[in-house]
Amino acid sequence: MDLITVVDRVKQKFPESVLGVSTFREETTLEIRSEDLLPLCRFLHDDPEMAFDFLIDLCGVDNLPREPRFQVVYHLCSTKTRLRLRLKGSLPGKNPKIASVFPVWKAADWLEREAFDMYGVTFPGHPDLRRILLTPDWQGYPLRKDYPLRG
Amino acid sequence: MGDNNTMILNMGPQHPSTHGVLRVILELDGEVVVKATPDIGFLHRGLEKLAESKTYHQCIPLTDRLDYVAGMSNNLAYVLAVEKLLGLEVPPRAQAIRVLLSELQRISSHLLWLGTHAHDIGAMTPLFYALRERDEILFMFEMICGSRLTPSYFRVGGLAQDLPEGLEEKGREFTRTFNAHADEYETLLTKNKIWLKRTQGVGTISAEEAVNWGLTGPNLRASNMPWDLRKAMPYSGYENYEFIVPTGKNGDVYDRYMVRMMEMRQSNEIVRQVLDKMPGGPVIAQDPKVIYPPKDRVQENIESLIHHFHLASAGFPAPAGEVYASIESPKGELGFYLVSDGTNKPWRFRVRPPSFINLSALAVMVQGRLISDVVAVIGSIDIVLAEIDR
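Line order of the protein sequences matches chains C and E.
If you read the first sequence in numbering that gives the first Met the number 0, its first letter stands for residue 0, the second for the next number, and so on.
If you read the second sequence in numbering that gives the first Met the number 0, its first letter stands for residue 0, the second for the next number, and so on.
Calculated from the structure, these hints are not laboratory results.
All residues carry an ideal CB built from backbone N, CA and C; glycine is no exception.
Treat the hints with care, since some could be wrong.
[What the hints assert, rightly or not] List of simulated lysine-lysine pairs, DSS-like, C-alpha gap at most 27 Å: (1) C/79 to E/83; (2) E/83 to C/93; (3) E/230 to C/79; (4) C/144 to E/230; (5) C/87 to E/344; (6) C/87 to E/288.
[To be verified] In silico contact screen, one side only, chain E against chain C (beta carbon under 7 Å); selected entries: (7) 40; (8) 44; (9) 225; (10) 230; (11) 234; (12) 351.
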């Protein structure tokens, strides 16, 4: 099993969900339609040949002033095939939201809370989505590009 | 009082066994933990935001301040990410020295963990022994870069300078004596009845659950999962050294202890091999667009001075793109995800902090256990709050 086969199988299974595939410095990124994130992740996790058992990292990116403004980036890893894969979903600047992958990987619990805390991206389906590093009454989302570096 | 006659107890953020400023809200039924809710962020400094306003060189000192008991490892993960972004080759001697220092750092990090963890559970002596050897390592770091905890010694493309004279000799002396010292720690704990009672069967997590929660490092390997990035996806020349990846069986506090004890001996073995095989040659790549000119030239030559000034103030532009590079740090998988827009500063600087994700599984590890076990479990996860809160 190599990454090309993985990408091909994902494309085969979800022909409309994969918007683009890119490779930079031997790392493969799948741009996916953000509405289809959860079934695609379920497939990557559950399929015995894919076996992406690790959600290594999940974070937001703000691309202001470009639109769609936000991206949520997922770094997956498989202990079985020793492959890494990056998924990216794009979200609009207004009311950004994407399904929680907590039902697939519990590691998403705090990672999604952090992305919410820093970017204001909401994750429907998350069991306990609230701020994690900042205080509950904090105003604004610090890692957004329009948030000042100094107060 | 909580629901159903349970009691809410606030543990931390000023509690000696939380290893920093961790607060855990415990819902207790008598002495039994019904629910544990960690509350973090007391040490949040906005490090990822800050890094977006700095050049790639200027970010190196920031990484020291993540897991501040393993500065060298943080440096390594970050420079690997930048080198990947630039497509820069690092000379073999620099790679070997990086491995040498990362392994010494692993030993020193595990020693501090061992001492404080044993102290939490009530054993005083291991702390004194462990800090004795840790100090030897920190002394070596001081010889190398003048700093014990915040080295900033690795550079994009290699190292700031070569090893000082006498360092290799000191390293050899350390490897000769370390195994005997490790025996001393083990004499105090490994078969100690009180230690066994406090740690065996406590805070158990299965391999499947550990992977699903994203646990990495010794916490994962204690659950009988032989996953170590140094073996699975080697970096910086780890494939040239022979070592074993120790694993546990039950995934409890005791196994996490045993895995780290065995790991220290393996790291010592790697250090010995690196010293034996140490290649010669330069310690930094030759790429004037990225690499600072040598200091002696800067002091004598006006062109080098201008070159140095330009690199220090403006940095270097990196090609547009995104990379993720990670290492097996003492705590687990430490990764850096950098997004570059083609300028001299990272557009997005993301740290994948192992302690943060390891700690998120605390709630499942302590549920249904006694309150005194919470102390043992927090210690066994080996967290550093500076890395968690960033």
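Broken hints, numbered, in rising order? 2, 4, 6, 8, 9, 10 and 11
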